[in-house]
Amino acid sequence: MDAKVTRVDGRGCVLRGDDIDTDRIIPARYLRCVTFDGLGEHAFEDDRKQAKGNHPLDDDRFAGARILIVGRNFGCGSSREHAPQSLLRWGFGAFVGESFAEIFFGNCVALGLPAVTLPNAELDRLMDAVELDPAQELVLDLAAGTLTSRVGVQKIAMPDGARRQLLEGNWDATAVLLEARDAIQATAARLPYVGGF
Amino acid sequence: MAGRKTLLDKVWDAHSVRELPSGQTQLFIGLHLIHEVTSPQAFAALRAAKLRVPYPQRTFATVDHIIPTDSQARPLGDALAEEMFQHLERNCAEHGITFFGPESGHQGIVHVIGPELGLTQPGMTIACGDSHTSTHGAFGAVAFGIGTSQVRDVLATQCLAMARPKVRRIEVNGKLGAGVYAKDVTLHIIRKLGVKGGIGFAYEYAGAVLDAMTLEERMTVCNMSIEGGARCGYVNPDETTFAYLRGRSFVPSGDAWDRALAWWRGMASDASASYADRVEYEGASIAPTVTWGINPGQALGVDERIPHPASVADDERASLAEAIDFMEWKPGDPVAGTKIDVAFIGSCTNGRISDLREAARVARTGKVAAGVRTYVVPGSQEVQRQAEAEGLPEIFRAAGFDWREPGCSMCLAMNPDKLRGNELCASSSNRNFKGRQGSPTGRTLLMSPAMVAAAAIKGRVVDVREVL
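These protein sequence lines are chains A and B, in that order.
FYI, my numbering numbers position 118 of the first sequence as 118, with every residue one higher than the one before it.
FYI, my numbering numbers position 87 of the second sequence as 87, with every residue one higher than the one before it.
The set of hints was computed from the structure by calculation and includes no laboratory data.
Please read these numbers as outputs of a predicted model, since none were measured by experiment.
The beta-carbon is built from N, C-alpha and C at its ideal position, and this holds for glycine as well.
Any given hint could be a false lead.
Claimed, not checked - Listed next, the stretches of chain B that the computed footprint assigns to chain A, with coverage defined by at least 3 CB atoms under 8 Å from CB atoms of chain A: (1) 3 to 13; (2) 29 to 40; (3) 49 to 63; (4) 170 to 183.
Stated by the list, open to error - Counterexamples of contact, computed for chain B against chain A with all Cβ distances above 10 Å: (5) PRO21; (6) GLN72; (7) MET84; (8) GLY145; (9) ALA206; (10) ALA310; (11) LYS330; (12) ARG364; (13) ARG431; (14) THR441.
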């Protein structure tokens, strides 16, 4: 399988609200597990229950959406990778928001999931447009740095390092880090505490 | 530039293996801490890729999130929790990783045991699959919370691919008033800078208030850096740091101590270091602080009232309304006087011996109010032993508090300690997110351990200064 992530196409799902934390994305009781299998169905479980069928993830118009459109500081709080793992298993392949919490963002990159940002006003336009016409196809073109929808072509942002990791297909960092075996050893040897001072 | 570096810069440069093609740094991780929740999938990935752990002596494990606090006896009552426990034991045994389980006498919350064992030291890079890893920054370490894929990376390579953060210096000057604690300082900072104000930054905490703090207090401040959006936070190492470290199990002694001391001193930020940003607060202006909402930035001085949605900026109004609704307030309600159902004292933020001493000082003044359920959970077995040696459990029990076994407990309610229904909990933990304490509709008010103890006794939120 080609690990390069250059574009994600599909319909959008609009999830409004700022500071949505990872406890809400996947409640802690579902962290009692030794694999990530089966987490998809529990995404936003408590929020969905409290919304009594009115949560965007339960909205038929957004069924099968590939791109989750969120607000500011999405994924804050706990470092649990279970959060993006559950959203991945729900069916999302990318996130568009105003900003992302850093650990959540790093976890997304490690799973090959782009999390890209739009300025507030642009995000509002996108959210309004997708809510008005959820059937429209969105194209997130990471190489071009654009998101195309009925709104038109919007310029997305993503830290360059992470973007390159996705584009070049080396977002699974282990292999890249292992390439530097000798340099790792040299660094360890240089650090006085590694040898007990 | 010589003489102008921050501790972050020095630690970063010392641990840099190479610059990656992505522009990130391949960073050597000096100390890796693992626990039962975020490591099983990482070990499974390692096994699938037929990789070994090249530096098993640089990883240490404990069990904290899922462990019950009524009894640590095996097998655990929750079969899923027991399975996670067994996975951790097996993974550690297979890879030669030291495991501080309940029988070791050193089990506890990962961010409590690292420091108390002397594993956490100045100038190190530290990683753990837990966002509160920022706690270890109290020693002048650069400590990151990471996800499970990154736990795999560290196990397999002892490295992480990371972007270098900017540094914001946060000075808290002057002196704190009586009854104002490190918890109030960190809640105040988050209230002022916001829950996303720290994105892209490491926080360097400084100023007379931080200088005067014990290591345990500094840990409380650094612990909640992540709640302000900063991935890590630190305090420069000083004589207080070195005095705390001396004699601990994993800290060097003899000549090696002297060499360590010289290296540690050299890692502190230079006096003329340049910072991407600086903010200053006055210690005397910080009141006992309580969160009222659904993120840790939604905080008030205990004598303040719930804000009116009309009083905040347009882009904050929806969040404010959501928080007021979930927490069942009316705008203008006072926080003080609010009836509580549950009191939780513990967590990696406030589960250390000094926290328990302060709570016990308050517990001596009365009895737990009728109808309030309490949990006093030491952060580790060592904290538990020290508390027992000082007679703290007797003080708590005499006042009607429930003294329990060490673990994360009701901070995130992965064990049986949970809120029920829409109970309101006065909590010394770090997160007031919706559903955080185990009931989807449960409500949390974060505050200092002394404030929690005072709330338990009065049955309502009170200003601890009126009790002490």
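- Coverage criterion applied to the segment 3 to 13 of chain B (partner chain A; beta-carbon cut 8 Å; 3 residues): That given contact is violated, which follows from only 0 residues of the segment 3 to 13 of chain B lying within Cβ reach (below 8 Å) of chain A.
- Task: May I ask you to check that B/ARG364 keeps its beta-carbon over 10 Å from the closest beta-carbon of chain A?
- Result: holds, 34 Å
- Message: Is the coverage entry for the segment 49 to 63 of chain B by chain A consistent with the three-residue Cβ rule at 8 Å?
- Response: holds (count 5)
- Query: Regarding the assertion that B/GLN72 does not contact chain A, is the least Cβ-Cβ distance greater than 10 Å?
  - Reply: holds, 17 Å
- Task: Against chain A, does B/GLY145 hold up as non-interface, every C-beta pair farther apart than 10 Å?
- Result: violated, 4 Å
- Message: Verify this label for me: B/PRO21 is non-interface relative to chain A, using a Cβ-Cβ cutoff of 10 Å.
- Response: Since the minimum Cβ distance to chain A is about 7 Å, B/PRO21 lies within 10 Å and the statement is violated.
- Task: Examine each Cβ of chain A, and state whether all of them lie more than 10 Å from the Cβ of B/ALA206.
- Result: With a cut-off of 10 Å, B/ALA206 remains clear of chain A, as the shortest Cβ separation is near 22 Å.
- Is B/THR441 truly not at the interface, in the sense that its beta carbon sits beyond 10 Å from all beta carbons of chain A? violated, 7 Å
- Item | Coverage assertion for the segment 170 to 183 of chain B with respect to chain A, Cβ distance below 8 Å, three residues required | violated (count 0)
- Regarding the assertion that B/ALA310 does not contact chain A, is the least Cβ-Cβ distance greater than 10 Å? holds, 18 Å
- Message: Taking beta carbons only, do three or more residues of the segment 29 to 40 of chain B come closer than 8 Å to chain A?
- Response: This one holds; 4 residues, not fewer than the three required, reach chain A with a Cβ under 8 Å.
- Query: Checking the smallest CB distance to chain A, is B/LYS330 really beyond 10 Å?
  - Reply: holds, 20 Å
Violated hints, listed in ascending order, are 1, 4, 5, 7, 8, 13, 14; each of the other numbered hints is respected by the structure.
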